[in-house]
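Protein chains in written order, with the numbering used here: chain A, 293 to 546; chain B, 52 to 342.
Be aware that one or more of the hints could be misleading.
Once the Cα atoms are required to be at most 20 angstroms apart in a straight line, the calculated EDC-like pairs of lysine to aspartate or glutamate come out as [unchecked claim]:
(1) B/133 x A/296
(2) A/310 x A/423
(3) A/299 x B/187
(4) A/299 x B/93
(5) B/95 x A/296
(6) A/310 x B/153
(7) B/126 x A/296
(8) A/427 x B/93
(9) A/427 x B/94
(10) A/310 x B/151
Restraint ranges, calculated between C-beta atoms of paired labels, are given here [to be verified]:
(11) A/300 x B/153: 23 to 33 angstroms
(12) B/333 x A/509: 38 to 48 angstroms
(13) B/210 x A/520: 33 to 43 angstroms
(14) B/150 x A/300: 20 to 30 angstroms
(15) A/457 x B/196: 52 to 62 angstroms
(16) B/159 x A/310: 42 to 52 angstroms
(17) B/301 x A/310: 50 to 60 angstroms
Worth flagging that the hints you see were computed from the coordinates, not collected in a lab. Positions of the beta carbon are idealized from the N, C-alpha and C atoms, including for glycine.
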Amino acid sequence: MIYDWVKQALLEVQEYAKLCIAVFRGMVTRPFYFRDVIEQFDAIGLGSLTVVILTGGFTGAVLALQSGFTLDTFGARTAVGRLVSASMVKELGPVLTALMVCGRVGSGIAAELGSMMVTDQINALRALGTDPIRKLAVPRVLAGILMVPILTIVSNCVGMVGAWFITVWQLRVASSVYWNSVVDSLYMADVWMGLIKPFFLGFAIVSIGCHVGLRTSGGTQGVGRATTNAVVAGSVAVLVVDFFVTKILFSVLY
Amino acid sequence: MGTPAAQPPSRNASAPRGDADTAVLEPDVPVIVFEGVDLAFDDKVILRNLSFTIRQGHTKIFLGASGAGKSTILKLILGLLKPDAGAIWVKGQRVDGMSEVEMMKIRHDLGMVFQEGALFDSLTVRENVGYKLYEETDLPLDQVHARVEEVLGFVGLGEHIDKAPSALSGGQRRRVAIARAMTAKPPILLYDEPTTGLDPITSVTVDAEIVKLRDLENVSTIMVTHQLRDAFYVAEHTAIRENGEVRLVPADAAKVAETEFIMLRDGEIAFEGDAHELRASSDPYLKAFLS
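Isolated chain A, as found in the complex (with noise of 0.2 angstroms):
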């Protein structure tokens, strides 16, 4: 039983080593399907500036909520700009937005290239002359890695100004205070490490989706198992990561 669970683990840890060296193998060499990145990047971009930007105000705002509270105690309302923003950068922006991206994203391309699975369309495409890994797996890689930074940019941005709305009108703090307090806090080390964070998230996620999506069977239940499967190894997956980079840049950066 135990031989059986830990054979299979090293098999997906295989496969997905696999099929990471095909991913950027196909990122380097041709054929390149551009048309097939551009719909990526709209699709993991565009497509998700919705629930990015819904998450991103509203995390912002209650950060800037629960916090003013606090500091009220000490007599530092004030110091809200300055909480918000290196929560923000640092750690919630990047992490928010990667976890919303995986529940949106991972999950969808989980289901679509699991159905192409079952129905034999990925066999069809191989027989066709066309590699799925490129077609398929490349453009949306790519697109994860370089659409998540962009949505946790406009994540922290729309986060700041959800904390300012707050600190403003909840808070009565001036204006001038909260976006002063916010600048003074932040040093270039906090913004590379929000900005590096995303590249390694968004390749964790989709990546992940299309792994489990690549190694769909047993049908549509198949399809439901690898979307859940998706969502829950890609959620722990970007947490893992958001670790052991953290850990990276702190001994880089500071």
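Could you slot chain B onto chain A? The hints should help.
Leaving out everything else, chain B in the frame of chain A:
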């Protein structure tokens, strides 16, 4: 598994040799050769020491119960699966040890009609049919459009060109799948249960397309099915062009003999012969299957 470009062993005198592209232009040249192929998934044996030869312009029909390994043979030919032992030759090239990249070149000579069609949901009929030409060749767009319209006309679905596959009936989807497989003019077409799940009248229209492609385009045909009526229809009919019109008529004895049946049972060949021999067989299993 040997080197991909090696020649078949001498004991198989019928195997293709020399320049494959030149060889297949001649009639009756072997285009696909299986030699002692074994395949098992874990403990389940799918194919056991399977050997057969398919010649240019001929038809091979694989019969057998569900799970007998019929569809697996098509996947082995396409390189979607690799055998555990034995050799597979496609147009003179040994494919069982080829990498995915090498197989892409071999697949240019193969067209596959998957069970249920396997059309791409996100593409229109036009994009499905022209997929290979649009995505994998540098052919000018107007030439691709013309070819797509030509093949859709051939299968009688010209008016559905801009529809989504979901808007078509089951039979129409199979015919679009046939059109997609033939767009790049492959010399070998593989059909995986092309009529399963279709009503008898629609099945005949699909059978007619298979016969037309074989006889008018000189395509070698491998058909996997458990629909006996369709198998015999393909074996015993031929397509002729008269005054610009295509007609299907009963085939003469020589033409019927060009279609061979292989009955698979427990991963092995239980019968190999033409339609007359199959009907005349006294084997109890075959009789039960035919009844």
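Do the hints match the structure? See the list:
Between residue 133 of chain B and residue 296 of chain A, the direct Cα distance comes to roughly 24 angstroms. Violation of the 20 angstroms bound is thereby established for this hinted pair. This hinted pair checks out: residue 310 of chain A and residue 423 of chain A have alpha carbons roughly 14 angstroms apart, not beyond 20 angstroms. Straight-line distance between C-alpha atoms of residue 299 of chain A and residue 187 of chain B comes to about 38 angstroms, which puts the hinted pair past the 20 angstroms bound. Of the supplied pair hints, the one linking residue 299 of chain A and residue 93 of chain B holds, its CA atoms being roughly 14 angstroms apart against a limit of 20 angstroms.
Taken as a hint, the residue 95 of chain B and residue 296 of chain A pair is honoured in the structure, with Cα atoms around 18 angstroms apart against an allowance of 20 angstroms. For the proposed pair residue 310 of chain A and residue 153 of chain B, the alpha carbon gap of about 18 angstroms is at most 20 angstroms, so the pair holds. Restraint check for residue 126 of chain B and residue 296 of chain A: the C-alpha separation of about 28 angstroms exceeds 20 angstroms, so the hint is violated. Distance check on the hinted pair: residue 427 of chain A and residue 93 of chain B sit about 31 angstroms apart at the alpha-carbon level, beyond 20 angstroms; violated.
For a cut-off of 20 angstroms, the pair hint linking residue 427 of chain A to residue 94 of chain B is broken: about 34 angstroms separates their Cα positions. For the given pair, residue 310 of chain A sits about 14 angstroms from residue 151 of chain B by alpha-carbon distance, which is consistent with the 20 angstroms threshold. Taking the beta carbon of each, residue 300 of chain A and residue 153 of chain B are about 30 angstroms apart, inside 23 to 33 angstroms as hinted. At roughly 41 angstroms, the beta carbons of residue 333 of chain B and residue 509 of chain A sit within the given window of 38 to 48 angstroms.
Distance hint check for residue 210 of chain B and residue 520 of chain A: the Cβ-Cβ separation is about 42 angstroms, which falls inside the suggested range of 33 to 43 angstroms. Take residue 150 of chain B and residue 300 of chain A: their Cβ atoms lie about 26 angstroms apart, and the range 20 to 30 angstroms holds. Checked against the hint of 52 to 62 angstroms, the C-beta distance between residue 457 of chain A and residue 196 of chain B comes to roughly 54 angstroms, which is consistent with it. Checking the proposed 42 to 52 angstroms range against residue 159 of chain B and residue 310 of chain A shows it is violated: the Cβ atoms sit about 25 angstroms from each other.
Between residue 301 of chain B and residue 310 of chain A, the C-beta spacing of about 53 angstroms keeps the proposed range 50 to 60 angstroms intact.
The structure fails hints 1, 3, 7, 8, 9, 16 (numbered hints given earlier, in ascending order).
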